[in-house]
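Engineer: Sequences listed follow chains C and R, in order. Be aware that the first sequence starts at 1, since it is given in my numbering, and climbs by one per residue. Be aware that the second sequence starts at 1, since it is given in my numbering, and climbs by one per residue.
Honestly, I wouldn't trust all of these hints.
[Said to hold, decoys possible] Restricting the straight-line Cα-Cα distance to at most 20 angstroms, the calculated cross-link-like pairs of lysine to aspartate or glutamate (EDC-like) are: (1) 539(C) x 527(C); (2) 22(C) x 86(R); (3) 22(C) x 8(R); (4) 586(C) x 532(C); (5) 250(R) x 595(C); (6) 533(C) x 553(C); (7) 22(C) x 165(R); (8) 43(R) x 86(R); (9) 168(C) x 139(C); (10) 168(C) x 217(C); (11) 592(C) x 471(C); (12) 22(C) x 223(R); (13) 75(C) x 185(C); (14) 127(R) x 8(R); (15) 399(C) x 417(C); (16) 250(R) x 222(R); (17) 168(C) x 165(R); (18) 43(R) x 79(R); (19) 462(C) x 527(C); (20) 250(R) x 417(C); (21) 399(C) x 471(C).
In short, the hints are calculated from the structure, not lab data.
Residues per chain, in single letters:
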Amino acid sequence: MTPKHLDELDTRYPVFSYNATKLSPRQVAGSFVPPPAFQTLRDARNAILVGPRGSGKTTLLKMLTPDALSVWTGKDADLARQRVQDVGVFVGADAMWSEQLRAGDRAQGEAFGAAAYALHIAKSVVTTVLFRLGRAGVEPGDPQRHLGLTLETASEAAIAGRIASLFKLPSRSSSMLRLRHEIGDRLNDLGTYRYRALQGQQLPDWAFLNPLHAVSEIAQMTNEIAHDGDRQWTLLFDELELAPDGIVRDILHRLRGQESTLIFKLSLAPILRSTDLLVGERGAIHGQDVEFIPLTSPERSDAFVSDLFRMGVGSSGLPQTLTPELALGESAFDAADGKRPQLVHRRSAPYQKGGRVWQAMDLLRKLDPTFEQYLVLNHIDMERIDRLSPSQRASTVRKIRNIAIVRAHFLRGARRDTQATRELYTGEATMLAVPDGNPRMSTILVRELINDLQASDTYPLKRNVQASALEVTTNRFMALLHAQTGIRDGTRAVTLVALLDAIGGALHKRLVSERFSPDVPAGFYVDRELPEKYLPLLKQAINTGAIVHIPRENSTSPIAMDARDRHYRLSYLLAPRYGLPVRQGKSVWLSKLLEGNLVRTRTRTPDQPTLDLDDL
Amino acid sequence: MSSTVSYEALADGESLTTDLLIASSGYEGRARHVSESGKAGAKRVIAYTYSHNHVHDFATNVQHFESVGEVRHPDSTADFRELLVEDVRSVRESTEHLRVAIDISSFCRERIAVIVSVLAELGSEAKLEATFLYSLATFDSHPPAVPATVMINAPLHGFEGWTADPSRPVACLLGLGFENQVALAALETLEPLHTFAFVANNADTRFNDRVREDNGILIRSDEVTVLSYELNAPFDTLHMVEGLVHALRKSHRLAFIPLGPKPFALLSLLIAQSYDGEMAVWRVSSDDDDPQDREASGPIAGIHASFGPVH
C-alpha cells in the first residue's frame, strides 16, 4: 500500500530516532558513549540532571539501571558496574502520560494524577525487582545480571504481599509477575474514575497512596530478606517536570534531608515552575543535599562528538586509524595557533601570505575600511602575522580571526543558510563544535558522516559533502524548533523560530554590517525591559536547546523559573543559519538587541503583518 | 461513558431516511452541499455556526439552513455540546428509533469529537443510528503550502486516552494532509517508537502530489510506514486502521493524529470511542486567522455507526 512515488525518493532523513525515551535500557546501553556528566551522575548521591530536549537526560538515567549496566560493553562499563551498587529504578514520564494525568485531575482533582503516578512508581519498582530475579528483561546468553537477586518462593511472596499492601491493592499477590499485572489492573480501574466523576463518584480510599514511603519500606524489606545489607535504592525520575505537582514537590522536599535507603536522581528541564524548592532558603543546597549537573555548556563540546565519531568508525568497518581530523580536514576557523601542537605539523600554514586566514583577512581589509583602520590602530601588519609567536598571535590576531573570516565571507556577497555558507563551517574543529554537545544532534551528524565516509574513496571528505551532512543535522534541529507552539500577540501568532530569527539576524547584522569590532556581541542578557509575554518563547528556546545558558555571578544555577536576568548564547547548531562564528563573546541586552528588528509572524504572504519589537 | 459502537458501509447511491441532519454552518461553500443534495433524507435540519470567521459563504450558509431548518449560534465548544445534547434529546422524544445524519465536512475536529462523544453518551442510554457524511472538496479550493504556526498541540478533550502501563512505547497513527510542519510538531511531542502515516487516495491526483510535497521530510524518512487509504471508502479505511490498532494495542500506547481529510479524524474518534478511552486523539492545529473556502467537488462519502448501551 506504499504510494508509488515513495520508491522514487532516495534521500533518507532521520526524523525521530535517537531518542532514548522510546528505547529500553538494554537498547540504550547498546550504543552508549558516556559523556563527562555520566561519571558525575554515577558517583553523586542525590543529583539533578538539567538539560534541554535531546541533551541525553533519559539515556543517562537509564544507564544507571541494573538492566542497562548488565549488558553495557563500553570501555568504562566494568568501572560503572563496580561503582553503581545501588538499585536504580527508572520512572519515566512523557507528554502523553502527562496529558492523561491532567485530564484525570480535571475530573477528580489533583489526587487522581498523584494516584496514577504512585502506581506507575510501584510498577517500575516491581519491574526492577523482576529483572534482578531474572524474570523480565533478560535474554538467553546475557552476561551475569548486575545486582542479581535470588529469592525463595515464600520470600518473594512476602515481598509481593507487602508491596500489594503498601499500594492498597485488592489482593495479596504471591508472585512479582502477578503483582505487576495487578498494578496494571489497578491503573485501569483508576482510569474509569475520569468518567465516574460525571456520576459524582469520588476517588476511593485506595487511590490515596504514599509512594516514596512505600518504596523505602520495600527496599528495606527486600534488603533484609535477601541479606543484601543496607543497599540503597535510587529512584531515577525522568522528566520530573511532567509529573503531578504534588509528587514533584514531595520529591524536591526530600532532597533536603538525607534518606537512609533512598537516593534520588532526577532529570528536569532548565525552566521550571517549582524552583522554590531548589533555590532560595527552602531549596536543596548544591554540593550538600544535591548535585546539579547541567548538560549544556557555554564552552565547546567537541570531545563528545569526537568519541561518538570514533565509536561510529569502530562499528562501521572503516579503518580504525580514521580520526575526525583525517576524515574532516581543517576548519576555516581552526588556525593551528596553540591548539593541539602535536597535530600542527600536518596542517597548512593559515597565517602565511596566501594561507586561508591570511586570505580572508586580506580580503576583508580591501572590502571593509573599518577593518583596515582596526589593523592600523592595533599595529597589526598583515605581511608579518605568520612570524608572530603563538602568544603574540593569541593577543592580537586569534581574537579577531573568526570574526574576520565570517565578515569577509558575507561582505563578498554570500548569503546565510546556503550550501556555500555551510561549507564555511566544515572541517574537523567546527564540525565537532556545531552540535553543541547535544547527543541527539551529534548522533545524527556522526551517522551522516559515517555514511558519507563509507561511500567515499578518499578523505578528508569534500566540503560540499560535509556541508550536506551539516544541513541534515540542522534541518532536524529546526524541525524541533518549528514544532513549538506559538503564542498569541493580539490577533497575531508569534513563533519561537521568529524570535530566534530576530535574535540571530540582529547578532549577524552587528557582526557584518556595523563597524568592525573584536568585541561584537555573541550573546544576550534577558533584561526586564523585554515584555513578559515573550518569556514563554524564551522558555521554549531554553528547553529545546536553541539558546544556551551562560552562568555568571548572579545566575549560576542551571535551573530558573524563567529566562530573565540571565545570560545566553544561541546554540552553535544555529550558527550556519544566522551566519555567526562558533565563539563566545560579550552579551548585549535582549531588548536593545531586538530594537529595530522585526519578529516576523507567519510568512503566508509577502505583505503579511509583522510584529515590530520596537513597540514592545 | 461506555457504549457499544458498530459500523456498516454506506452503499453507493444508498438513500437515507433520518430524523435529523446535524450540519455546520461555517464559511465553507461545501457546508450546505449535503443538505442541498438531499442525501440525508432528514425530517429536520439543525446547523451550528461558529462565533468567528464570518467570511466567505457564511451568510449564504446561514440563509440556506434557516430556509430548510434551524440555525444555532453556540459561542463556545461547551455551549455547542450543550445545544447538541438538547437538540438530539428533543428529536429523540418524538421517535422510537433515532436515526441521525451528521455532515462532518465543515465541522472542526474539536466539534467532531464532541459529536462522537455526545452520540456515544446518548447511545449508552438507548440505541441510536448515526450516518456520518462527508463532501469531498475540489483541489483548487486548497491554498498553497505555507509554513504553519503551531498553536495547539494537545489531545482532544475527552480523548486523552489511558493506559495501564505508561512505560510502553507510543505508536502514532497519523493522517497526513497539507499541513506543513504540523505533523512533525505532534511527533516531536509524542516521541513515538512507531509511526504509521495514512495518505488519502483521491480521484484528483493533485492531492496526492501535494501531500507528498508538503510532508517530504516525513515521507522521505525511513522511520515512518506510509499507508494509503481511499477517501471515499471510510468503512474500508476503518477496518484497515482498526486492524492495525488491534495489532499494536497490546504492546504500545496509541495516539491518533488525524491531520488531513476529516474522514480520518472521524474514524480515529470512532475507534478511540469504541475502545473506551484507551487511545488518545491528538489535536494539532495551526493558526487559523486565514480561513480558506472549500468548494464541494460533488461526491459524498459516508459510514453508518450504531451506538448502543453496554449490556
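Engineer: Next step is simple, just say for each hint if it's right about the structure.
Structural biologist: Right, here's what the structure says about each hint:
1. With a C-alpha separation of about 14 angstroms, the suggested pair residue 539(C) and residue 527(C) falls inside the 20 angstroms cut-off, and the hint holds.
2. Straight-line distance between C-alpha atoms of residue 22(C) and residue 86(R) comes to about 44 angstroms, which puts the hinted pair past the 20 angstroms bound.
3. Taking the CA atoms of residue 22(C) and residue 8(R), the gap is near 37 angstroms; set against the 20 angstroms cutoff, the hint is violated.
4. At most 20 angstroms may separate the alpha-carbon atoms for a hinted pair to count; residue 586(C) and residue 532(C) exceed this at roughly 24 angstroms.
5. The straight-line distance between the Cα atoms of residue 250(R) and residue 595(C) is roughly 55 angstroms, outside the 20 angstroms bound, and the hint therefore fails.
6. Using a Cα cut-off of 20 angstroms, the hinted pair residue 533(C) and residue 553(C) is violated, with the two alpha carbons roughly 26 angstroms apart.
7. Between residue 22(C) and residue 165(R) the alpha-carbon distance is near 14 angstroms, which keeps this suggested pair within the 20 angstroms criterion.
8. With a CA separation close to 17 angstroms, the supplied pair residue 43(R) and residue 86(R) stays within the 20 angstroms bound.
9. In summary, the hint linking residue 168(C) to residue 139(C) is not supported, as the alpha carbons are separated by about 32 angstroms, beyond the 20 angstroms threshold.
10. A C-alpha spacing of about 14 angstroms is found between residue 168(C) and residue 217(C), which places the hinted pair at or below 20 angstroms, so the restraint holds.
11. For the suggested pair residue 592(C) and residue 471(C), the alpha carbons sit about 31 angstroms apart, so the restraint of at most 20 angstroms is broken.
12. The suggested pairing of residue 22(C) with residue 223(R) holds, with an alpha-carbon distance near 13 angstroms, which does not exceed 20 angstroms.
13. With a C-alpha separation of about 42 angstroms, the suggested pair residue 75(C) and residue 185(C) falls outside the 20 angstroms cut-off, and the hint is violated.
14. Pair hint residue 127(R) plus residue 8(R) holds up; C-alpha atoms about 15 angstroms apart against a cutoff of 20 angstroms.
15. For the given pair, residue 399(C) sits about 24 angstroms from residue 417(C) by alpha-carbon distance, which is inconsistent with the 20 angstroms threshold.
16. About 24 angstroms separates the Cα atoms of residue 250(R) and residue 222(R), which puts this hinted pair outside 20 angstroms; it is violated.
17. Under the criterion of a C-alpha separation no larger than 20 angstroms, the hint pairing residue 168(C) with residue 165(R) is consistent with the structure, at around 18 angstroms.
18. A distance of roughly 24 angstroms separates the Cα atoms of residue 43(R) and residue 79(R); the hinted pair therefore is violated under the 20 angstroms criterion.
19. For the proposed pair residue 462(C) and residue 527(C), the alpha carbon gap of about 43 angstroms is over 20 angstroms, so the pair is violated.
20. Taking the CA atoms of residue 250(R) and residue 417(C), the gap is about 45 angstroms. The hint is violated against a cut of 20 angstroms.
21. Annotation: proposed proximity of residue 399(C) to residue 471(C) is violated, straight-line Cα distance about 27 angstroms (limit 20 angstroms).
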